[in-house]
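Colleague: Next come the chains, spelled out residue by residue.
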Amino acid sequence: MKVTGSKDFWAGLMFIAFGLGFIVVARDYAMGSAVRMGPAYFPTVLGGLLAALGLVIGGRAFVAAGERLGHFALRPTALVLLSVVLFALALRPIGLVGATLILIFVGALGGAEFEWREVALIYLVLIGFSVAAFYYGLGLPFQLWPAFVGR
Amino acid sequence: MEILSNLGLGLAVALGVQNVLYCLFGVLLGTLIGVLPGIGPLATIAMLLPITFTLPPISALIMLAGIYYGAQYGGSTTAILVNLPGEASSVVTVLDGYQMARQGRAGPALAVAALGSFFAGCVATFVIALAAPPLAEVALKFGPAEYFSLMVLGLIAATVLAHGSLLKAIAMMVLGLLLGLVGTDVNSGVQRFTFGLPELSDGVGFVIVAMGMFGVAEIMTNLEHRGSREIFVKRVSNLLPSRKDMRDAFPAMVRGTAVGSVLGILPGGGALLSSFASYTIEKKVSKHPESFGKGNIRGVAGPESANNAGSQTSFIPMLTLGIPGNPVMALMIGAMMIQGIAPGPQVMTERPDLFWGMIASMWVGNLMLVILNLPLIGMWIKLLTVPYRMLFPAILLFCCIGVYSINNSSFDVLVMAAFAVFGYACVKLDCEPAPLILGFILGPLMEENLRRAMLLSRGDPTTFVTKPISAALLAVAVALLLVVIAPAVRKRREEAFQE
Numbered sequence: 009m010k011v012t013g014s015k016d017f018w019a020g021l022m023f024i025a026f027g028l029g030f031i032v033v034a035r036d037y038a039m040g041s042a043v044r045m046g047p048a049y050f051p052t053v054l055g056g057l058l059a060a061l062g063l064v065i066g067g068r069a070f071v072a073a074g075e076r077l078g079h080f081a082l083r084p085t086a087l088v089l090l091s092v093v094l095f096a097l098a099l100r101p102i103g104l105v106g107a108t109l110i111l112i113f114v115g116a117l118g119g120a121e122f123e124w125r126e127v128a129l130i131y132l133v134l135i136g137f138s139v140a141a142f143y144y145g146l147g148l149p150f151q152l153w154p155a156f157v158g159r
Numbered sequence: 011m012e013i014l015s016n017l018g019l020g021l022a023v024a025l026g027v028q029n030v031l032y033c034l035f036g037v038l039l040g041t042l043i044g045v046l047p048g049i050g051p052l053a054t055i056a057m058l059l060p061i062t063f064t065l066p067p068i069s070a071l072i073m074l075a076g077i078y079y080g081a082q083y084g085g086s087t088t089a090i091l092v093n094l095p096g097e098a099s100s101v102v103t104v105l106d107g108y109q110m111a112r113q114g115r116a117g118p119a120l121a122v123a124a125l126g127s128f129f130a131g132c133v134a135t136f137v138i139a140l141a142a143p144p145l146a147e148v149a150l151k152f153g154p155a156e157y158f159s160l161m162v163l164g165l166i167a168a169t170v171l172a173h174g175s176l177l178k179a180i181a182m183m184v185l186g187l188l189l190g191l192v193g194t195d196v197n198s199g200v201q202r203f204t205f206g207l208p209e210l211s212d213g214v215g216f217v218i219v220a221m222g223m224f225g226v227a228e229i230m231t232n233l234e235h236r237g238s239r240e241i242f243v244k245r246v247s248n249l250l251p252s253r254k255d256m257r258d259a260f261p262a263m264v265r266g267t268a269v270g271s272v273l274g275i276l277p278g279g280g281a282l283l284s285s286f287a288s289y290t291i292e293k294k295v296s297k298h299p300e301s302f303g304k305g306n307i308r309g310v311a312g313p314e315s316a317n318n319a320g321s322q323t324s325f326i327p328m329l330t331l332g333i334p335g336n337p338v339m340a341l342m343i344g345a346m347m348i349q350g351i352a353p354g355p356q357v358m359t360e361r362p363d364l365f366w367g368m369i370a371s372m373w374v375g376n377l378m379l380v381i382l383n384l385p386l387i388g389m390w391i392k393l394l395t396v397p398y399r400m401l402f403p404a405i406l407l408f409c410c411i412g413v414y415s416i417n418n419s420s421f422d423v424l425v426m427a428a429f430a431v432f433g434y435a436c437v438k439l440d441c442e443p444a445p446l447i448l449g450f451i452l453g454p455l456m457e458e459n460l461r462r463a464m465l466l467s468r469g470d471p472t473t474f475v476t477k478p479i480s481a482a483l484l485a486v487a488v489a490l491l492l493v494v495i496a497p498a499v500r501k502r503r504e505e506a507f508q509e
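These protein sequence lines map, in sequence, to chains G and R. Counting from 9, one number per residue, gives the positions in the first sequence under this note's numbering. Counting from 11, one number per residue, gives the positions in the second sequence under this note's numbering.
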């Protein structure tokens, strides 16, 4: 049998996985009864519904010609993701100024053209604005510099 | 006249110096992001949500509302001048608006769009003031069964109107409901789906999901399409429409406003649906339907009025029932909850200043928009020339800072990153993220009301169909589903026959 609509196929598979996942995890909680629903009741019902929907969606891929899975742009997606993760990990240890530097440069690498002088300018404008507006203006409790610089 | 005294109270609040400034900021920012393709009101409101912590509730809501309806003004500018919808709801404005610009009539097109929006905004403000109190009164009589059915209706309506596959939209909504259940169960105190992570015991923050799926994921999808825009920057001269233009456009504005006001109230409705419906109607009632798509001024005036009316009246279910009709309203509910206000029918009686202040601010905001927008068009055109590669680092940074500052938690930023990848995958699989967001907000509410209703009926599920209001709401939901499924089934059959 040929899978004709691969978008539907993968989407169906994803929904089935989520549905079953929620059901399996919910097995650790009390089910209760229809009158007094336990914490597992609603998630189990919804998980079943989701898996069933996934089955139908994925099943369509075998009968009707659907759209094929498009091209995945790996580079921008990976770099944007990486920049956010690095920002999250760096913010506490090295402070806002350094973490933003990483975020902007790694993120900008995901764009079509990378011109380092332009990116540096964007960084300076953004960090200036952020420090002024968020740190001083709104008084959000950021650490600006690495801990060892001290303040 | 009670409504007049209410609106008077609202105006007194909305015209306070601070609130006028926040309103101005909101509508300007809304226009700005409306003009820029690639960033919409959803992502912007999500980014600003954490900052609204520090504001008084009424100012925060006035500003956020301003962003939403302001974006409808801005979207038309891009549609007319660049042949690109700045906002999804301006998609149909592109058809005739850009053609008008090519014929050298960009000025009248822009002016008619702004005036139509203003007219619609004024009418819609009154519609809200008139329709909200009786609705809230009905809502106060709602029990858990009615609330549950109402949420079912809201969710079904939202999925029915989502573009793309209905089944996928429903699946996304169910997944949203499930994700909304993560965290401590209020009835039993059990930590659900937290995988032992203490950071998840309060659940995943709504803002985090919204920013991941709409803010960061949108950057990922946008970076993929490396298109260059062609901008129609031939000098926009002669802004004022002629008397004939106005005569042509005015009936379209009235019809558009009426369509938008009605469709906005429906759950799942709002700006996008209204503009499509209005364009179809204009084409139907026109004596020269063939002139649409070739620069007919009614094709601009109708939809632009409709999307503004729809965006405003979509506040009605949010304000009176506490049920979001579209993802932007879900964010507004998030903003109210951040401020410690439980959205629902009681807001109007307990916080009349907030309720009426927000409504009155819409009229004030619309007035500002029409006065400011026409002179500022030159500035918006310049902004359109800013390339995306300079914009997205800023969006990225504001998303990160916004999410981090909710709880001062790096963990939240990582969760946002996970939702960004998930959101990107969903777009790739043609699964709309909007129904997921609605489900996410309603998940815990639905479970709570389902539990209560079943407890009250001693486990008898027929309670949902024996109570008249609940039954009626469910019937509408079923009818909506049937209406959508029926033509799809017929089409499928026809395809099968042809093969």
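The hints are simulated quantities; they were obtained by calculation from the structure and are not laboratory data. Beta carbons are placed, not taken as given, at the ideal position from N, Cα and C, and that holds for glycine. Incorrect hints may appear among the rest.
[Stated by the list, open to error] If you anchor each label on the Cβ, the simulated ranges turn out as follows:
hint, chain 1, residue 1, chain 2, residue 2, range
1, R, G18, G, W124, 37 to 47 angstroms
2, R, P66, G, V139, 37 to 47 angstroms
3, G, A72, R, V295, 33 to 43 angstroms
4, R, K304, G, Y144, 32 to 42 angstroms
5, G, V139, R, V27, 26 to 36 angstroms
6, G, A86, R, S15, 57 to 67 angstroms
7, R, V475, G, P101, 55 to 65 angstroms
8, R, V27, G, S41, 36 to 46 angstroms
9, R, T64, G, R83, 31 to 41 angstroms
10, G, S41, R, T476, 56 to 66 angstroms
11, G, S41, R, V196, 17 to 27 angstroms
Colleague: Okay, A86(G) versus S15(R) on CB: inside 57 to 67 angstroms?
Modeller: For S15(R) against A86(G), whose Cβ atoms are near 59 angstroms apart, the range 57 to 67 angstroms holds.
Colleague: Please test the hint of 33 to 43 angstroms on the beta carbon pair from A72(G) and V295(R).
Modeller: holds (37 angstroms)
Colleague: Mind checking the hinted window 32 to 42 angstroms against the Cβ distance between K304(R) and Y144(G)?
Modeller: violated (54 angstroms)
Colleague: Quick one: are T64(R) and R83(G) within 31 to 41 angstroms, going by C-beta?
Modeller: With a Cβ separation near 38 angstroms, T64(R) and R83(G) satisfy 31 to 41 angstroms, so the hint holds.
Colleague: Please test the hint of 17 to 27 angstroms on the beta carbon pair from S41(G) and V196(R).
Modeller: holds (18 angstroms)
Colleague: For the pair V27(R) and S41(G), does the Cβ-Cβ distance stay inside 36 to 46 angstroms?
Modeller: With Cβ atoms ~58 angstroms apart, the hint is violated.
Colleague: Can you tell me whether the CB distance of S41(G) to T476(R) sits inside 56 to 66 angstroms?
Modeller: Violated, since S41(G) and T476(R) (Cβ atoms, about 20 angstroms apart) do not stay within the stated range.
Colleague: 26 to 36 angstroms was suggested as the range; check whether the CB atoms of V139(G) and V27(R) agree with it.
Modeller: holds (28 angstroms)
Colleague: Between P66(R) and V139(G), does the beta-carbon spacing fit 37 to 47 angstroms?
Modeller: At 25 angstroms between Cβs, range violated.
Colleague: Assuming the hint says 37 to 47 angstroms, is it satisfied by the Cβ distance from G18(R) to W124(G) or not?
Modeller: violated (58 angstroms)
Colleague: Quick check: does the Cβ-Cβ distance between V475(R) and P101(G) fall within 55 to 65 angstroms?
Modeller: holds (58 angstroms)
Of the numbered hints stated above, those contradicted by the structure are hints 1, 2, 4, 8 and 10, listed in ascending order.
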